[in-house]
Amino acid sequence: MPHDLFPPTEMKRHSQRIPKSVLMYTTPDEYRLDLLTKALLTRRKRRALQKLKGDSAQSMIDLLHWVRRRYIAAPHVSLTLFQLKALLPPTSLTPRVRDHCRIILIKLCVTHLIFPRCFGLDDVERHGSIPVAGGGFSDIFGAAFKQQTACLKIARSSAGSDHLKLNKALIKEGILWGQLQHPNITPIYGIYSVDSLAPRMSLVLPWMENGDLTSFLINNPRTPRMPLTCDIVRGLSYLHDENIIHGDLKGANILVNDSCEAFLADFGLSSVLSDTASVTAEVRNIGPGCSYRWLAPEFLNKPGRRSKAGDVWALGGVLYEIFTRRLPFHECRENGQVIHKLMGGERPTRPQRDASDLDNIPDDMWALMIHQIWDLNPTGRPACDHILRSLKY
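Take any residue in the sequence shown, count from 1 to its spot, add 7: that is its number in our numbering.
Don't read these hints as lab results, they were simulated from the structure. Treat each hint with caution, since some may be false.
[Said to hold, decoys possible] Computed Cβ-Cβ distance ranges for the label pairs, DEER-style:
id : residue 1 : residue 2 : range
1  : Cys125    : Trp373    : 25 to 35 Å
2  : His170    : Asp129    : 17 to 27 Å
3  : Cys125    : Arg163    : 51 to 61 Å
4  : Cys267    : Pro385    : 27 to 37 Å
5  : Gly61     : Trp373    : 17 to 27 Å
6  : Arg51     : Asp265    : 24 to 34 Å
7  : Val139    : Ala390    : 46 to 56 Å
8  : Arg51     : Asn226    : 51 to 61 Å
[Unchecked claim] PhoX-like, lysine-lysine: derived pairs with alpha carbons at most 20 Å apart:
id : residue 1 : residue 2
9  : Lys153    : Lys114
10 : Lys52     : Lys153
11 : Lys153    : Lys172
Idealized CB from N, CA, C, for every residue including glycine.
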């Protein structure tokens with residue numbers, strides 16, 4: 008850890024305030040770790056952390072990443088490194104420190120185009136030059152990583168592309184993604200530099216044989232829908248508990264594994280929210296690449312910060328996909344038609360009952376969607392934990 012941020016004199020002053028029981032197995036590095044926690048709660052120190060450069064920035068990035076994933080900070084006492092390592096299983100930081108830790112980590116990585124050393128991968132082999140799938144801004148390639156089938160998410164570039172901007176966006180997404188640990192969040196292996204001459208960052212992810220949710224439902228019409236629904240709501244609830252807005256929730260950004268379990272993915276438009284800071288939290292992508300069919304109507308009238316309520320509206324669109332195997336506003340071919348309906352306060356319509364009974368929205372689910380999840384007033388939409396309790400499964 009950089010010593011100029013936590014000089015010995017300050018260490019001594021702070022150490023006098025820590026109970027003797029906490030100091031039992033301390034070393035200078037453990038003192039500095041304790042001071043890091045305090046620094047994250049001090050605006051002046053947070054600014055100093057964000058101005059680090061070179062090796063100091065890399066060391067701080069490595070530390071913040073490790074702390075974020077493995078440490079717990081009790082509300083009223085600073086734990087030593089020895090005690091923190093003894094905590095099994097590893098738990099999370101207190102919410103305020105956790106948010107600052109994540110935000111500073113992302114800002115340092117994006118500013119310097121570097122990432123935690125443990126995140127950098129070099130034993131990745133891309134399969135071919137033709138993508139197997141693609142989204143609005145990226146392409147997916149098959150790959151191998153440590154004798155496992157994997158995939159590479161690479162930002163799509165073309166003539167005139169701003170490669171620096173693309174790399175920063177991929178690093179921001181990868182670092183944010185790498186901080187997430189939940190059974191319904193797609194894990195990430197790390198970051199890989201694709202081209203040595205003109206490096207392009209890529210995210211290395213596990214390969215999901217069933218692909219995305221939309222394709223899976225088309226190919227597997229008889230799959231039970233409620234387990235997928237609960238998986239997705241649990242994943243989104245976890246994100247919101249972590250003060251993270253997904254920002255682009257739709258079937259194409261949800262993956263399904265061989266066990267038919269759903270995993271949230273694609274955090275390129277995600278935001279970190281905090282009482283005092285945020286990272287790329289504004290809706291700026293109103294345009295050709297925008298997912299209008301899942302977009303909450305308030306963002307059309309007054310684009311601004313992404314919100315949990317906006318995610319909940321998008322969740323309604325995903326539920327519509329799950330139970331009907333159709334896109335929201337499927338009758339509209341053009342974005343302009345969707346926008347017109349949203350501006351007029353319309354919601355997706357309930358399809359007529361399907362004779363096969365495969366693609367029908369249950370009455371209680373439709374009531375939850377139309378009266379709560381798609382409430383035109385964002386403040387009237389339920390939280391994810393409320394939605395989960397409402398699901399009769």
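To see whether the hints hold, each was checked on the structure:
no.	hint	result
1	Cys125 / Trp373: 25 to 35 Å	46 Å, violated
2	His170 / Asp129: 17 to 27 Å	20 Å, holds
3	Cys125 / Arg163: 51 to 61 Å	27 Å, violated
4	Cys267 / Pro385: 27 to 37 Å	32 Å, holds
5	Gly61 / Trp373: 17 to 27 Å	57 Å, violated
6	Arg51 / Asp265: 24 to 34 Å	51 Å, violated
7	Val139 / Ala390: 46 to 56 Å	36 Å, violated
8	Arg51 / Asn226: 51 to 61 Å	56 Å, holds
9	Lys153 / Lys114	30 Å, violated
10	Lys52 / Lys153	40 Å, violated
11	Lys153 / Lys172	29 Å, violated
Checked against the numbered hints above, the structure breaks hints 1, 3, 5, 6, 7, 9, 10, 11 and satisfies the rest.
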